[in-house]
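Build out the structure end to end from the sequences listed, making use of the hints.
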Amino acid sequence: MVSKNKQNVIILPTEEDVATALAPYVAGLSEKTISEKGSFSVVLSGGTLIQTLRKLTECPYKETVNWSKWLIFWVDERVVPLNNPDSNYLLALNGFLSKVPIPKKNIYPIHYTPSSEVVAKDYERRLMKLVEHKRYDKTDWVTNIDDSPKPPPKRITFTFPVINSANYIAMVVTDKEEADAVAITLEHIPVRPPLPCSEVKAQEELTWFLDRDAASKLPPQCNK
Numbered sequence: 001m002v003s004k005n006k007q008n009v010i011i012l013p014t015e016e017d018v019a020t021a022l023a024p025y026v027a028g029l030s031e032k033t034i035s036e037k038g039s040f041s042v043v044l045s046g047g048t049l050i051q052t053l054r055k056l057t058e059c060p061y062k063e064t065v066n067w068s069k070w071l072i073f074w075v076d077e078r079v080v081p082l083n084n085p086d087s088n089y090l091l092a093l094n095g096f097l098s099k100v101p102i103p104k105k106n107i108y109p110i111h112y113t114p115s116s117e118v119v120a121k122d123y124e125r126r127l128m129k130l131v132e133h134k135r136y137d138k139t140d141w142v143t144n145i146d147d148s149p150k151p152p153p154k155r156i157t158f159t160f161p162v163i164n165s166a167n168y169i170a171m172v173v174t175d176k177e178e179a180d181a182v183a184i185t186l187e188h189i190p191v192r193p194p195l196p197c198s199e200v201k202a203q204e205e206l207t208w209f210l211d212r213d214a215a216s217k218l219p220p221q222c223n224k
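Everything in the sequence shown is counted per the working numbering, starting at 1 for the first residue and increasing by one.
The hints are all genuine.
Straight-line C-alpha distance at most 30 Å; calculated BS3-like pairs for lysine-lysine:
no. : residue 1 : residue 2
1   : Lys55     : Lys6
2   : Lys217    : Lys176
3   : Lys99     : Lys32
4   : Lys6      : Lys69
5   : Lys32     : Lys69
6   : Lys105    : Lys32
7   : Lys121    : Lys104
8   : Lys6      : Lys37
9   : Lys154    : Lys201
10  : Lys62     : Lys104
Cβ-Cβ distance ranges computed for the label pairs, FRET-style:
no. : residue 1 : residue 2 : range
11  : Thr159    : Val191    : 18 to 24 Å
12  : Val43     : Asn84     : 17 to 23 Å
13  : Thr64     : Glu199    : 32 to 38 Å
14  : Leu127    : Asp180    : 29 to 35 Å
15  : Glu63     : Lys37     : 20 to 26 Å
16  : Ser68     : Glu132    : 18 to 24 Å
17  : Pro153    : Lys6      : 34 to 40 Å
18  : Pro81     : Gly38     : 31 to 37 Å
19  : Lys104    : Gly47     : 19 to 25 Å
20  : Pro101    : Gly28     : 17 to 23 Å
Derived from the structure by calculation, the hints contain no laboratory data. On a predicted model such as this, the values are computed, not experimentally measured, just so you know. We put the CB at the ideal spot given by N, CA and C, even for glycine.
Right, here's the structure in full:
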């Protein structure tokens with residue numbers, strides 16, 4: 001597949017405006033992808049994203065989206081039990097998944113063990129089995145870290161080849177604390193090591209959803 005690498009940047013006044021714009025974007029992708037492929041794979045992160053998806057749990061989306069065709073995964077996860085307050089799965093369950101009728105069998109959290117390496121390999125194996133992929137190369141799909149600068153230290157994450165194989169990626173940022181990272185990435189400011197978000201590319205389209213706080217370090221013309 002040849003990547004088109006199209007990028008959109010949408011800047012809105014408030015987080016509420018971002019949430020309002022994100023809902024029809026996701027619902028539209030859901031309808032398009034299900035009509036073309038029969039299912040819609042959604043890979044969630046943690047942080048504030050789940051709260052920003054809240055409009056999808058309201059009318060009209062709760063009634064009109066074909067939730068039965070959604071498949072839910074996590075691009076990164078803390079290696080903790082699923083009922084631990086640090087779990088991205090628990091965050092998504094409480095803030096989003098419990099409020100929409102996605103079948104439980106379509107939701108793919110980690111299988112917890114204390115070893116991040118074991119968790120990563122298990123998640124990778126389950127992903128490959130799901131897409132009936134046979135490994136012919138040495139590229140890992142999921143990797144693990146044990147020394148995250150933010151607690152808890154043990155985590156797993158998709159690798160960039162897997163992330164960048166997505167047709168559509170939404171980067172949702174509504175935090176002023178991330179304004180520097182947004183500016184560095186979108187203005188292509190060289191830093192070493194490069195920021196992880198600067199390595200993200202979508203096969204079809206990468207869309208940034210920013211509120212004014214997140215976009216506050218961008219040039220003035222971008223914030224008009």
